[in-house]
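Trainee: Between the sequences and the hints, there should be enough to build the whole structure, so can you do that?
Protein chains in written order, with my numbering: chain A, 1 to 211; chain B, 1001 to 1211.
Treat the hints as calculated values from the structure; they're not laboratory data.
Accuracy of the hints is not assured; some may be wrong.
As the list claims (entries may be wrong) - Listed next, with one range per pair, are the computed distances between beta-carbon atoms:
| id | chain 1 | residue 1 | chain 2 | residue 2 | range |
| --- | --- | --- | --- | --- | --- |
| 1 | B | H1105 | A | H167 | 14 to 24 Å |
| 2 | A | E195 | B | D1166 | 43 to 53 Å |
| 3 | B | D1166 | A | E198 | 12 to 22 Å |
| 4 | B | T1028 | A | A48 | 33 to 43 Å |
| 5 | A | S135 | B | P1094 | 28 to 38 Å |
| 6 | A | A63 | B | P1059 | 37 to 47 Å |
| 7 | B | H1105 | A | R22 | 48 to 58 Å |
| 8 | A | D115 | B | P1165 | 33 to 43 Å |
| 9 | B | P1094 | A | D82 | 46 to 56 Å |
| 10 | B | R1149 | A | E156 | 20 to 30 Å |
| 11 | A | Q202 | B | E1161 | 21 to 31 Å |
All C-beta atoms, glycine included, are put in the ideal place defined by N, C-alpha and C.
Protein chains: 2
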Amino acid sequence: METIDDQLDIAGTPAAARGRPRQFCVETALTAALRVFWTRGYEGASMAELTEAMGITKPSLYACFGNKEALFCKALDLYERDKLAYVHTALEAPTARGVAERFLHGALTMQIGGDDPRGCMGVISAVACTNFADSIREEVMARRASSDRAIVARFERAKAEGDLPDHVTAEALTSYLCAVMQGLSVQASTGASPEELEQLVQTTLMLWPGR
Amino acid sequence: METIDDQLDIAGTPAAARGRPRQFCVETALTAALRVFWTRGYEGASMAELTEAMGITKPSLYACFGNKEALFCKALDLYERDKLAYVHTALEAPTARGVAERFLHGALTMQIGGDDPRGCMGVISAVACTNFADSIREEVMARRASSDRAIVARFERAKAEGDLPDHVTAEALTSYLCAVMQGLSVQASTGASPEELEQLVQTTLMLWPGR
DNA sequence: TGGTTTCCATACCGATCGGTATATAGATTA
DNA sequence: TAATCTATATACCGATCGGTATGGAAACCA
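Mentor: Rendered as structure tokens:
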């Protein structure tokens, strides 16, 4: 069985393609799968709906991605890589306020722009997937913890640079900022208008500590 | 078929109980069902798990509650009545800051105290139930809208009383407060510690506008 | 070309899904 | 006690769940 990981050999060059080549684009299929998981959640997405959206048959899916759980993980990887790119640029902002601005505006444009489903895959995965393998839950939580650490470190640097008042800790400000962004995504998925979401971002920035 | 609504007649007195009386306590069974929906979500909760937790058989469940969707709605009613009682007392706080304090502390004690599942049923319902009848989604959203309006009205009164600065609108502050609370519940359901959640509440109150 | 390798379409697997028909057990009314 | 009404227990329903066995079809290497 060939999985997505086998497409490149150790040296990074395309593996010797023997036999009939795959008839579909893995990236495209995975994008379609991500979209289904995004709108339906893990349990709500059936293999029938997934295969139809991906334009492939079940044997092809299982040969290429393993099983439903593995497919979900790969889709989550794609999500993180494609849709959460603004996280890295946000952390490079020159000030703590700039970090918050880029985070919030990044989340905002993702929620009101494009034709992507509303809501955040991280929130969906954490809230909606209480039934299946703990491995996924733990992985989602581990990713969140890693991104949290990066934000905490950035805010500690900001404090050292006199960029944040003394009475707020980096940890507290991080969980606060993440909470607002999670709330933003919840409200977006429950049908809040772009104007309401924009108001939410503006209010958060207005209340942001420091000049 | 007798449903939960038929237990009281129009005058509010117990209906004439003819035939064999029900062998289980409706309230207790509904509490158990709520707990299952709360931890598993709508789709993740199977009728088998529900009946086992409720201690009744499937025919009893269907005779008493109708079907899975109706059972979920009744459980949601119970949740709102029992677990969201702090909402009403919060709105009666003398100042806008007091309202925020009672809201946040109410949500906090619900998340860190007792043996209830983590997370908020409203968030779970909104995020995790994208597959089934729109009627439920619309009802959840309608309830949220109604509670939002109450908070907006309370904050407009606060503005009229000079209790809030002019540069914040009641609508924006409402969606902001709700966002923080939604974020709080998301973080609680992903395993945040009580200390972290408490920090989040304190930070929010520290940044709250006005004296 | 032949042989090999792999992909894909169909059809199917047991398990579980939400929901129900039937028959028995139990309580009330008369 | 007899008649009546309803709850419960068992067993079952068709549909769908995630996942696979099998048999061509298609592309590569020689």
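Trainee: Cβ-Cβ distance between T1028/B and A48/A: within 33 to 43 Å?
Mentor: 38 Å Cβ-Cβ, so the 33 to 43 Å window holds.
Trainee: Given a hinted range of 14 to 24 Å, is it respected by the beta-carbon distance of H1105/B and H167/A?
Mentor: Taking Cβ atoms as reference, H1105/B and H167/A lie about 20 Å apart, which means the hint holds.
Trainee: For the range 20 to 30 Å, tell me whether the beta carbons of R1149/B and E156/A fit it or not.
Mentor: 41 Å, violated
Trainee: Taking the beta carbons of P1094/B and D82/A, is their distance inside 46 to 56 Å?
Mentor: 49 Å, holds
Trainee: Does 12 to 22 Å hold as the CB distance between D1166/B and E198/A, or does it fail?
Mentor: Given a distance of about 19 Å, which is inside 12 to 22 Å, the answer is holds.
Trainee: Does the beta carbon distance between D115/A and P1165/B stay inside 33 to 43 Å, or does it fall outside?
Mentor: This hint holds: roughly 38 Å between Cβ atoms.
Trainee: Starting from the hint 37 to 47 Å, judge whether the C-beta atoms of A63/A and P1059/B obey it.
Mentor: Hint holds: Cβ distance 44 Å, inside 37 to 47 Å.
Trainee: So does E195/A sit 43 to 53 Å from D1166/B, Cβ to Cβ?
Mentor: 20 Å, violated
Trainee: Starting from the range 21 to 31 Å, see whether the pair Q202/A and E1161/B falls in it by beta-carbon distance.
Mentor: For E1161/B against Q202/A, whose Cβ atoms are near 24 Å apart, the range 21 to 31 Å holds.
Trainee: Does the Cβ-Cβ separation between S135/A and P1094/B fall within 28 to 38 Å?
Mentor: 49 Å, violated
Trainee: Taking the Cβ atom of H1105/B and the Cβ atom of R22/A, is their distance within the range 48 to 58 Å?
Mentor: 56 Å, holds
Hint violations for this structure: numbers 2, 5 and 10, all remaining hints satisfied.
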